[in-house]
Amino acid sequence: MTSEESEDEIKGKHWFNIQSFPQAHFDSSEIQIVGLNQYLVSGLFQLKGISKPLRIPLKMSYDHGGRSAQGRFILKRNDFGVGDGTWSATDTVADEVTVDYRFTLIP
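Numbering (the numbering used here), first residue to last: 1 to 107.
Hints were generated in silico from the structure; no laboratory data involved. Glycine residues also receive a C-beta, built at the ideal position from the N, C-alpha and C atoms. Any given hint could be a false lead.
Stated by the list, open to error - Taking CB as the label site, the calculated pair distances span:
1) G65 with A94: 21 to 29 Å
2) V93 with E4: 15 to 23 Å
3) D84 with H64: 26 to 34 Å
4) G65 with I10: 19 to 27 Å
5) G85 with P57: 29 to 37 Å
6) D8 with H64: 36 to 44 Å
7) L105 with S42: 16 to 24 Å
8) S20 with I106: 13 to 21 Å
9) N37 with E4: 38 to 46 Å
10) S68 with A24: 17 to 25 Å
11) T92 with G35: 36 to 44 Å
Stated by the list, open to error - In silico SDA-like cross-links for lysine to any residue, where the CA-CA straight-line distance does not exceed 20 Å:
12) K76 with H64
13) K48 with R67
14) K59 with V99
15) K76 with L105
16) K48 with A24
17) K52 with N78
18) K11 with D27
19) K48 with L105
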């Protein structure tokens, strides 16, 4: 499978189904301070129309007059129906997906 074919496949109905669900959403409900510039953000994450509670660690950085937020968390793709049918098996594609993020905040 070519890279282009793989990209088309992952956008399709068995994976992310971007025609029906073009966006994922996270609505925060609580932010806890857990250390210096470190927070734990709790909320509801929605992907493919499925909502699950999620707690995301967040670290704030201040540099060059700007701010950024970064962190890492793990999602279980089967919790959100990503890779359904024969693709739901975890022997070929792992269930746990590590998500690394970084946002630059502009004043």
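Does the structure break any of the earlier hints, and which numbers would those be?
1, 3, 4, 8, 12, 13, 15, 18, 19
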